[in-house]
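The lines below spell out each chain.
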Amino acid sequence: MNEVTVFIMGKGYRVPAGLTIMKAMEYAGYRLTRGCGCRGGYCGACATVYRLKGDYKLYGDLACQTTVQDGMYIAQLPFTPAERPAYRLEELQARGETLLALFPELARCVACNTCTKACPQKLEVMDAVQAALRGDIPGVADLTFDCVSCGLCTMRCPAEISHHHVWQLARRLNGAYLTPRAPHVAQRVEEVRAGKFKGELDRLVAMPKEGLVAAYKARDIEP
Amino acid sequence: MKTIAYFPGCALKDQARADETGTLGALARLGYEIREIPRWNCCGTVFSLVQDDLMRHVGPVRNLLRVQAMEEEKVLTLCAMCYGTLARSAHFVEDPERLRRINAFLDPDAYQGGVEVIHLLTLLRDEVGYERLAAETRRPLNGLRVAPYYGCVLLRPRPFAVDDPDSPAAMERVVEALGGTAVPFPERTECCGTHLTVTRKDVVEERVGRILRSARGGGADALVVTCPLCHFNLEERRPAGTPDLPVLYLGQLLAWAMGEDDPGVASLVGRAAVSSEAVR
Ligand code: FES
Chain A
1 MNEVTVFIMG KGYRVPAGLT IMKAMEYAGY RLTRGCGCRG GYCGACATVY RLKGDYKLYG
61 DLACQTTVQD GMYIAQLPFT PAERPAYRLE ELQARGETLL ALFPELARCV ACNTCTKACP
121 QKLEVMDAVQ AALRGDIPGV ADLTFDCVSC GLCTMRCPAE ISHHHVWQLA RRLNGAYLTP
181 RAPHVAQRVE EVRAGKFKGE LDRLVAMPKE GLVAAYKARD IEP
Chain B
1 MKTIAYFPGC ALKDQARADE TGTLGALARL GYEIREIPRW NCCGTVFSLV QDDLMRHVGP
61 VRNLLRVQAM EEEKVLTLCA MCYGTLARSA HFVEDPERLR RINAFLDPDA YQGGVEVIHL
121 LTLLRDEVGY ERLAAETRRP LNGLRVAPYY GCVLLRPRPF AVDDPDSPAA MERVVEALGG
181 TAVPFPERTE CCGTHLTVTR KDVVEERVGR ILRSARGGGA DALVVTCPLC HFNLEERRPA
241 GTPDLPVLYL GQLLAWAMGE DDPGVASLVG RAAVSSEAVR
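One line per chain: the protein sequences are A and B, in this order. Position 206 of the first sequence, counted from 1, bears residue number 206 in the working numbering, the numbering being contiguous throughout. Position 173 of the second sequence, counted from 1, bears residue number 173 in the working numbering, the numbering being contiguous throughout.
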């Protein structure tokens, strides 16, 4: 078997090449109950930092998405503590000042770009901080749409910004106040209220189990 | 068309949006193709006086790097604060050792140096020129009495002054070229209090009151500024009893004179009914 040596929390292990960092840790005997979620690169629970032999850089990535390399030094970050002030969305205004009032650390950004380099999703994180600073809420929402809240940028930021909480607020403000309303949603809610689907639902509720199973098997599946 | 790289800065994209639109419109009429820097970041607002904490200098230098990536040699700002920070940074990294160390932060990119930072006022004076400005004026200011207010960052510190720090004249000449009457006044190079507006409103109010009284005393109908922050302070931090003097951004006068719409200038010049359509 083709194996590589990795160091997990400073101890060396031989693991099969081609495993992800997460699988390699499990292969080495770790049982992951935190710092592990979807295993598909979506939930952001599995932030990991590593260094490669002979390379001065500290890298960050998602453990479930990154393949081990020979001589990798690995540490798992189960969680990045980050401050999130309490707010009520209905009481906020969709303006730059709102972001700055709740997250004043934003103004400490020195545009060092460390956050961007840390992002496993390859987002332009610093650009999003800058957009927040100039009150461009749709810009922040756009730039951070694919953020998985893994916390790696927050861990490395010299300005101590809690990035993913800022992004979440910006996306909420954008969704609540700045994005045009979708008229078909209201229309559908009206249709539901008016009983458009009532007959069909009643039919399903009254159906015996065998009928339900047969209907489930015969259902239309979207491609 | 002459292309020029453009650094807007945060204020012009947020509270001072109105100052940007007309100015860029006027510059387009003067034959400039404005190329906004893609993905610019905040200039830093104040130039860091810390010499050895180089990370504080990375932000402004990154903007210069992006100008370099656009293959432009100059970058235009409309804001005096941005001008001050960027021009001083450009100078700071003329030292090769500092540049080397800052580039280590910018890795894998590297700034080569040599980008020149200019402000709207110097563009009008050095590149457009007063004569052409006068010749291109479609809607003169009708002798409107305007007091040019320089504030500090365009003139201090001395190595970065865009004009004689003690008796500047560029803005007066621009005002006259556009058909206005320049009203010089003693406080025209005093600082407005800049970012103390956040922590020490009292200091800013005291200065703003003094500046506006001095300009009114000289007989001005309006004050003209080169900086969105001065603009904000001079409008929003007036102590009680301050003369009710309108404050305009330099680009607004330019915009109006070149035929762009500007309601603020329109009412002052007393020709509010003339729309920009009529002069096109
Ligand atoms: S476990 Fe969900 S992103 Fe890796």
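Careful: at least some of the hints might be erroneous.
What the hints assert, rightly or not - With the C-beta cut set under 10 Å, the calculated list includes, among others, these residues of chain A facing chain B:
1) G96
2) C109
3) A111
4) E124
5) D127
6) Q130
7) L133
8) R134
9) A214
Read the hints as simulated data drawn from the structure, not as lab findings. In this text the structure is predicted, and so the values were computed from the model without any measurement. All residues carry an ideal CB built from backbone N, CA and C; glycine is no exception.
Legend entry - Violations among the numbered hints: 9
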